[in-house]
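Asks: Fit chains B and C to the supplied structure of chain A, relying on the hints for placement.
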Amino acid sequence: MKKRSIALMTDFGYKDGFVGTMKGVILSINPHAVLVDLTHTISPHNTLEASIVLRTSYHFFPKGTIFLVVIDPGVGSTRRSILVETEKYFFIGPDNGALSIALENEKIKKIVELTNKKYFLQDVSNTFHGRDIFAPVAAQLSKGVPISRFGELTKEYKKFTILSPRIHRHGVSGKVIYIDHFGNLVTNISGGMVQKLSLRKMVIKIKDHKIEKLSANYTDSEPGQILAVVGSNDCLEIAINQGNASQVMKAKEGTEIEITVG
Amino acid sequence: MKKRSIALMTDFGYKDGFVGTMKGVILSINPHAVLVDLTHTISPHNTLEASIVLRTSYHFFPKGTIFLVVIDPGVGSTRRSILVETEKYFFIGPDNGALSIALENEKIKKIVELTNKKYFLQDVSNTFHGRDIFAPVAAQLSKGVPISRFGELTKEYKKFTILSPRIHRHGVSGKVIYIDHFGNLVTNISGGMVQKLSLRKMVIKIKDHKIEKLSANYTDSEPGQILAVVGSNDCLEIAINQGNASQVMKAKEGTEIEITVG
Amino acid sequence: MKKRSIALMTDFGYKDGFVGTMKGVILSINPHAVLVDLTHTISPHNTLEASIVLRTSYHFFPKGTIFLVVIDPGVGSTRRSILVETEKYFFIGPDNGALSIALENEKIKKIVELTNKKYFLQDVSNTFHGRDIFAPVAAQLSKGVPISRFGELTKEYKKFTILSPRIHRHGVSGKVIYIDHFGNLVTNISGGMVQKLSLRKMVIKIKDHKIEKLSANYTDSEPGQILAVVGSNDCLEIAINQGNASQVMKAKEGTEIEITVG
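Chains as they are written, first to last, in the numbering used here: chain A, 1 to 262; chain B, 1 to 262; chain C, 1 to 262.
With the rest of the complex left out, here is chain A (with noise of 0.2 Å):
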């Protein structure tokens, strides 16, 4: 049996046995699976933050991963199941955009869609194909049975946009797309962008407050003061030294930021 990680991505929440009960069922068909959890608290249904979040990391794991991913609210209805190979991962799970965002940067080599009800638990139910479905055909998978057994191929997949920044001659529009866990602001403003941006005179606009460089670090600047940063995903984002900018600014997921130049 190959050792191969499937590193998993829900909604679930650690309050019930939902994320373990789907360890349970993998580690009952294969038990050499190497399970690591990516995050458990994504947003209830908030299938496009999965989208992001998943961006942002998978790319630092092992050749051969199994990305489970799992935020559902279309579960038992005629949304489609689908699992992804790409160069160097496996995306399993609902068809409804959370993979897409990641699968831009992948080449894909196939995808199916799960029909093959031989690999599913004999008994599913209609609201949790995360135990029923997704971990048994990841499991299965992780034992080396080929991806065309699993169901039908298929072309199509749902894709989220992230809309980019809008640039305009006074420099670029863009919005906060993620706020991490220090409160963090994550733009959809890159980091090449915005180095660019400040070789020049350069402001940056959000809610009242007005940044004048792009700092080096979180710490490049007092304890408590607003400032700009490219972050560990090669966006920019503002920032609080020591503190949390989405609660200080009262700034949320949606929030315009406006860089200009002159």
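What the hints contain is simulated information worked out from the structure, not anything from laboratory work. Just so you know, nobody snuck in bad clues.
Note that identical chains are pooled: a pair holds if it fits in a single copy or bridges any two copies.
With a straight-line cut-off of 20 Å between C-alpha atoms, the simulated SDA-like cross-links for lysine to any residue are:
(1) Lys15 - Lys252
(2) Lys15 - His181
(3) Lys63 - Gln140
(4) Lys63 - Phe120
(5) Lys159 - Gly74
(6) Lys213 - Ser77
Quantities reported herein were computed from a predicted structural model and do not represent experimental measurements.
Replies: Chains B and C alone, transformed into the frame defined by chain A:
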């Protein structure tokens, strides 16, 4: 050494190093143990809640799994510590009822009261038997120590009773017994019972709401609407499509639910 | 490859993929590493809190465990990164005091400042050294790379001091240094000291409350009553049987506690 799964369930939360410390103790004794978190956010001291979550989850784990269930408000007092062997599994923890709902479905082979200090840590505190007694016993068991070595055989263990719903001539009176991460209201009315009732004209009343059909899944209504569904643990659940029923309906454990047929 | 435990401790929380990403990096380098979460909910940037939790937990882990402790408010600044080898363990993290309380009890063999970029990820960000420096170094170390390869030997590391309680002629003046998940108030007064004082007539004063005996365990009083007990980390704790002392007593880190004997 046996590569045996040990599933951990506690009310220790994630703030402290309590759970990590138990894992450190286990790996010190059996480095090959496969550790799986079932949940660590059982409400503090809530052994009844623990018994429900365990019941819902345990049977999806591999044969031979050791369940280490430490919700222990009576730690250091005269409450007993037990190890239960069933046909498929092992259960370890304080004898306070947390194991009992799961054991209702299991064929019990042996129960041992944990008294043999040889298998405890050398210094046993009065406040953390998860670390000092239960973790080392689970680890030794996972290495193949026979169950009879851990103490004396016993027949008794503390049992909880989940009140069955009351069946009367107009229908069924039940109650909410658990609220999950999504705010879904899990009731004590079985899936089979509600499916049978739904063959006739049926009205489900909970708080001020009336539900007139059994939905196939969470999306079988408009987003935001209250619905009734048979959940993944085969109980009647009241839910809101893409919403939080517990918050919206101000329902909690103990809230009454009434099904009338006419 | 060595099947060595790596215990992770951060203030990264569970919302983002930060911790999962560090694990992905480690498993990419050493697929046989055994990953254990110590905790990831240290209060953001609170290196002192981290040092207390680490001190309480680390010595229950297997000999040879690598502790990866990343609470890193100064990431990307001039703060140093260190690897400490003691007789039993390895500790890796930013040199900001978080390791120091644990190291007080350890026989230190070598300290290395992490400067050899050969063992970092290829692109090192200014905001996430947990992923780019500390995780890959821990993984390489777990594969057997000798500690001297990671950088220059050093003697210094930043030390925190937990203020000892003040002993005076009427008794002892201490304070609360940590509050756990259950709301128990952990003080800087050792178990040995309070046990000795309790041999005489002793009064413990905290906020407006008086406690006149040392309880054997949390249940050694009526439910809801405030009590004093020697906790699992061998410090005097103030607790409430089946209740939350921190919330009820409005006590926090720094709250004073006074023991007088007469």
